[in-house]
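Chains as they are written, first to last, in the working numbering: chain A, 52 to 302; chain B, 860 to 1135.
Source of the hints: derived by calculation from the structure; they are not laboratory data.
A portion of the hints provided could be inaccurate.
[As the list claims (entries may be wrong)] Some chain A residues flagged as far from chain B (calculated, every beta-carbon gap over 10 Å):
| no. | residue |
| --- | --- |
| 1 | I53 |
| 2 | W56 |
| 3 | L58 |
| 4 | L64 |
| 5 | A76 |
| 6 | V87 |
| 7 | I146 |
| 8 | D214 |
| 9 | Y235 |
| 10 | S248 |
| 11 | P252 |
[Claimed, not checked] For the chain A half of the interface with chain B, some residues (derived, Cβ under 10 Å), not all of them:
| no. | residue |
| --- | --- |
| 12 | K68 |
| 13 | N137 |
| 14 | I138 |
| 15 | I141 |
| 16 | L142 |
| 17 | P145 |
| 18 | L149 |
| 19 | P241 |
| 20 | K292 |
[As the list claims (entries may be wrong)] Derived list of chain B stretches under chain A, where covered just means 3 residues or more per stretch with a C-beta under 8 Å from a C-beta of chain A:
| no. | stretch |
| --- | --- |
| 21 | 928-935 |
| 22 | 938-945 |
Source: prediction; values computed, not measured.
Note that CB positions come from ideal geometry on N, CA and C, so glycine has one too.
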Amino acid sequence: MISFWTLFAKETLRFWKVATQTVGAPVLTSLLYLLVFGHALEGRMQVYDGVPYSAFLVPGLVMMSVLQNAFANSSSSLIQSKITGNIVFILLPPISYLEFFAAYVLASVVRGLVVGAGVLFVTAWFVDLHLAAPAWVLGFAVLGAALLGSLGLVAGICAEKIDQIAAFQNFLILPLTFLSGVFYSIHSLPGFWQRLSHANPFFYMIDGFRYGFLGHSDFPPGASLAVVAASFFVVSLLTLKLLQSGYKLRY
Amino acid sequence: MYGKGSGRLRALAGVSLAVGEGEFFGLLGPNGAGKTTLINIIAGLVRADAGEVRVMGADVIGDYRRARRLLGVVPQELVFDPFFTVRETLRIQSGYYGIRGNDAWIDEVMQHLDLTAKADVNMRALSGGMKRRVLVAQALVHKPPVIVLDEPTAGVDVELRQGLWQFVTRLNRDGHTIVLTTHYLEEAELHCSRIAMLKAGRIVALDSTRNLLASVAGSRTTARVVARDGRQFTLELAGYSQLEEQLAGLRAQGVEIADIELERPDLEQVFLRLTS
């Protein structure tokens, strides 16, 4: 267990030591989204009755930051270690692949939650927010971050260069988060796109997380949580298989 | 016996050897001979296609937790984690091996490697030689009974080399088994009691350093003699016993000897003969 806690602490310290870049920057980005989109669309877009657009937007922005940063943490840490070669420091000791997995994923969850809390903290000054069901908020945030942290591990294991991580991030993670209903309700979409959105696991994370604030959602939150949990289960299994086999880590 | 190869390249084939407990063992060979591959297989960084490796009885795949705890490896590449200081690096490394509160031993290791003054300096700010010392310290945080050093003195200044050998020799005296690869043959000759020479993934020699040297002694020993009048003579000796006889021959010709230089057999000759 000491191995696990040490690796977890090291992974957490790693992003905390450069918090301006790993926490400050994404918080600022989210604040800019709120100021620009909130200002442009406030009053023009009514998603749920009695809910101002900004109050709809903020939970989506928070969850988007949680997910993107959870992914960024594990993927960038692993690829940097592989490229610089200091990955040997964790490959030489008797760390099991389960400990390896748990430490990286948990550190990703911490980074996601810290950034999410930061976004919530700065946006709360501009928007009147209520927590309708905090347990759902926490449940979706933790499970969503774990899913993305695990995906980040897969990306970090498979990639050999930093630009491959960037491609994963720009061509997969970013489109999926943008098209998941962060900025709109999928009910405002034409039928085809609505159905397509239901195939996007990110939709369920954003929608369920938002339910915790507004008490409204496009999809029943329990079913959304089941989708996220199932996705996490599948991705975890894949990650553990990769780690166990030593794929692209132990040649 | 084990090997590692995929398609075109077979890095090791038919390598079979046992290093005894407490030995100071040298692994020599030209670049690309498979020394690092062999060490990486022992360390679990590379998986062999066939065969098995045991560290003090622990299989490096089947019983990897025990095998890795028994092993301390100093990698050849000068790697470091730029986020941490020297002390943080060593504390973290201890934690990976399941050790908490290791500061007393960390301080001792740092002292022996002359790192104490740099304890709170970020790894990024260290010179190459200092980073090498930290790599050695990292391999020792868990007091491993078997220590593997892969080219530990590559690109390292004389002072550190001396200090490093003193420390490693002391560890060996205290009972640690040392496995060393190096390009500096004189280092191997000086420290290793037994040596394996690898060439193209195969063992071409495996014997005590003394026997390896004796194998080239005699046939290759030469004496260079300089006379007072400046003339030079090279005497080929089949053995040291012939020296007296040949010098007497020179004196009989009226040569007054000013200087004699004996070229003793060294590992380089063994190495060249076996690997070229």
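Checked hints:
Under the 10 Å C-beta cut-off, the non-interface status given to A/I53 relative to chain B is violated; the minimum distance is some 4 Å. The Cβ of A/W56 does not lie farther than 10 Å from every Cβ of chain B; its closest approach is about 7 Å, which violates its non-interface assignment. A beta-carbon of chain B is positioned within 10 Å of the beta-carbon of A/L58; the least distance is around 7 Å. Distance check on A/L64: its Cβ comes as close as 7 Å (rounded) to a Cβ of chain B, failing to clear the 10 Å threshold; non-interface status is violated.
A cut-off of 10 Å between C-beta atoms confirms that A/A76 is not in contact with chain B; the least separation is 17 Å. Non-interface status of A/V87 relative to chain B is upheld: no Cβ of that chain comes within 10 Å, the nearest being about 34 Å off. For A/I146, the non-interface assignment is contradicted: its Cβ lies about 6 Å from the closest Cβ of chain B, within the 10 Å cut-off. The claim that A/D214 lies off the interface holds: its Cβ sits roughly 20 Å from the closest Cβ of chain B, which is beyond the 10 Å cut-off.
Chain B leaves A/Y235 outside its interface by the beta-carbon criterion, the shortest separation being 39 Å against a cut-off of 10 Å. Annotated as non-interface, A/S248 keeps its C-beta farther than 10 Å from every C-beta of chain B; the closest such distance is 39 Å. Distance check on A/P252: its Cβ is at least 32 Å (rounded) from any Cβ of chain B, clearing the 10 Å threshold; non-interface status holds. Below 10 Å, beta-carbon pairs count as interface contacts, and A/K68 has one with chain B at about 5 Å; its hint therefore holds.
Taking 10 Å as the C-beta cut-off, the interface hint given for A/N137 holds, the closest approach to chain B being about 5 Å. Interface restraint check: A/I138 against chain B, minimum CB-CB distance 8 Å, threshold 10 Å, status holds. Given the 10 Å rule on beta carbons, the hint for A/I141 holds: about 6 Å separates it from the nearest Cβ of chain B. Interface restraint check: A/L142 against chain B, minimum CB-CB distance 6 Å, threshold 10 Å, status holds.
Hint status for A/P145 relative to chain B: holds, with the closest Cβ pair at about 4 Å, below 10 Å. For the restraint placing A/L149 at the interface with chain B, the shortest Cβ-Cβ distance is roughly 12 Å, beyond the 10 Å limit, so the hint is violated. Taking 10 Å as the C-beta cut-off, the interface hint given for A/P241 is violated, the closest approach to chain B being about 48 Å. With 10 Å as the threshold, the beta carbon of A/K292 stays out of range of chain B, its nearest partner Cβ sitting at about 16 Å, so the hint is violated.
Judged by the Cβ-Cβ criterion of 8 Å, the stretch 928-935 of chain B is covered by chain A as claimed, because 4 of its residues qualify and three suffice. Residue count for the stretch 938-945 of chain B with a Cβ under 8 Å from a Cβ of chain A: 6. That meets the three needed, and the coverage hint holds.
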